[in-house]
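Undergrad: Sequence:
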Amino acid sequence: MDTHTVSAARDQRQSSGLLSILTLTLCAFSVTTAEFVIAGILPQVAAGLAVSIPAAGHLVTAYAIGMIVGGPLVTLLTVSAHRKPLMVTLLLVFVAGNVFAAMAPSYVALLAARLLSGSVVGTFFALAVVVAASLAAPGKQASAIAKVAFGFNLAMILGAPLGTLIGQQFGWRSTFITIAVLASIAAALLVRLVPVHGIPTTGSVVGELRVLKNRDLQLALATTAVGNAGVLMFFIYLVPLLTNVSGFVPDSVPALLLLYGVGATLGNLVGGWLSDRALIPSMIGLLLSLAIALALFWLIGAIQPAAPLMIFVIGALAFSVIPGMQTKVLIAAQEAPTLGIALNASGFQIAAALAALAGGEIIDGSLGLGALPLVGAAVTVAGVILALILLKRSRS
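Okay, so the sequence shown: first residue is 16 according to the working numbering, each after it adds one.
Hints in this document: simulated from the structure, not taken from any laboratory. Be a bit skeptical, because a hint or two may be false.
Claimed, not checked - No farther apart than 20 Å at their CA atoms in a straight line, the calculated lysine to any residue pairs in the SDA-like style are these:
hint	residue 1	residue 2
1	228	350
2	407	262
3	407	206
4	99	206
5	407	294
6	228	77
7	228	99
Stated by the list, open to error - Restraint ranges, calculated between C-beta atoms of paired labels, are given here:
hint	residue 1	residue 2	range
8	186	381	41 to 47 Å
9	123	270	32 to 38 Å
10	37	321	36 to 42 Å
11	37	97	20 to 26 Å
By construction, the Cβ of each residue, glycine as well, lies at the ideal position given by its N, Cα and C atoms.
Please model the complete structure; the sequences and the hints are all you need to start from.
TA: Here is the structure:
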């Protein structure tokens with residue numbers, strides 16, 4: 016075989032690998048849009064199903080519970096399954112959940128549809144990361160994972176605002192239909208472009224479960240849950256905060272969510288760079304900065320010109336801590352990375368579930384909607400304390 020033929024074959028493999036990874040990026044975009052978009056259409060869902068805003072917020076809780084329980088459980092039950100057929104199956108279940116959501120005749124039916132969709136997402140997230148790394152060229156695994164992670168950020172920048180806009184213009188059911196169509200396209204591309212061979216399965220259930228005894232992993236997962244709960248409380252109820260506290264008209268909400276997403280993307284890049292250089296210290300500093308930013312929104316969020324700047328800053332800080340949290344979990348769970356990532360996704364969703372429930376109680380209680388950013392700041396400080404314990408353990 017001559018040099019030209021070898022070079023052409025190598026280029027073809029690299030091109031195929033890139034297309035496979037970009038397909039995983041689209042998959043990540045689809046499933047993450049479904050998670051975040053509900054915050055933008057809460058008022059429409061509440062009005063359409065004749066429930067309160069706090070009750071509509073429980074739709075976030077249902078999705079989160081699906082991920083919390085489904086992520087580790089599905090990962091363990093499918094521990095020996097071939098990765099590609101499993102990913103396609105999970106994505107099709109996700110499509111079905113969103114179709115059911117679009118057709119839901121009642122609030123309870125929509126809750127069930129969200130629970131179904133969320134139950135497969137945690138495992139899919141974990142598989143997307145593992146598969147992307149296995150498809151990458153030697154020494155390019157981190158770049159491949161970053162491309163998949165970009166799908167998560169793109170969902171925040173484009174998916175959530177566009178889904179909100181679709182919901183406002185054509186009704187909230189149209190948002191779920193759009194997500195189902197997008198995920199169906201992603202599933203078709205997954206079948207066509209992601210190779211069958213070369214994608215590893217994991218080990219035994221016993222081997223995976225052994226990692227649960229790791230104290231560093233337990234603490235890292237707790238830091239993920241608590242460290243994110245405060246800002247998730249802010250984000251889940253961001254639309255009513257913007258309209259009722261900051262005084263923005265509903266038509267401006269998609270643009271403000273886009274601003275949050277742009278900040279999130281930049282924060283993710285900066286957070287990854289900082290985490291490579293000082294993993295836990297950067298996590299502590301970023302979480303503390305996030306707590307301060309949330310407290311500042313409580314102070315000046317009612318000043319309309321200041322609110323967009325604070326939204327951008329909070330979005331940037333919220334996502335800047337995620338690379339460090341993921342890295343710490345992967346280090347602690349290196350013997351069972353798929354389960355570790357699934358558990359971390361569950362930890363994040365535990366935060367979302369508790370944030371939605373607590374936020375609804377605060378809105379209905381004496382503190383009211385305007386107190387959410389301050390309460391979120393206090394919860395984030397608790398995350399700082401857990402990160403400090405992680406730092407102490409790493410130095411002992």
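Undergrad: So, for every hint listed, does it hold in this structure?
TA: Results for each hint:
1. 228 <-> 350: This hinted pair holds, its Cα atoms lying about 12 Å apart.
2. 407 <-> 262: At roughly 44 Å apart (the allowed maximum being 20 Å), residue 262 and residue 407 break the hint.
3. 407 <-> 206: violated, 46 Å
4. 99 <-> 206: This hinted pair holds, its Cα atoms lying about 8 Å apart.
5. 407 <-> 294: Holds, at roughly 13 Å.
6. 228 <-> 77: Since the Cα atoms of residue 228 and residue 77 sit roughly 28 Å apart, the hinted pair is violated (cutoff 20 Å).
7. 228 <-> 99: Between residue 228 and residue 99 the Cα gap is close to 29 Å, so the pair fails against 20 Å, i.e. violated.
8. 186 <-> 381: 41 to 47 Å: About 35 Å separates the Cβ atoms of residue 186 and residue 381, which means 41 to 47 Å is violated.
9. 123 <-> 270: 32 to 38 Å: Cβ of residue 123 to Cβ of residue 270: about 33 Å, so the range 32 to 38 Å holds.
10. 37 <-> 321: 36 to 42 Å: For residue 321 against residue 37, whose Cβ atoms are near 38 Å apart, the range 36 to 42 Å holds.
11. 37 <-> 97: 20 to 26 Å: For residue 37 and residue 97 the Cβ distance comes to about 22 Å; the hint holds.
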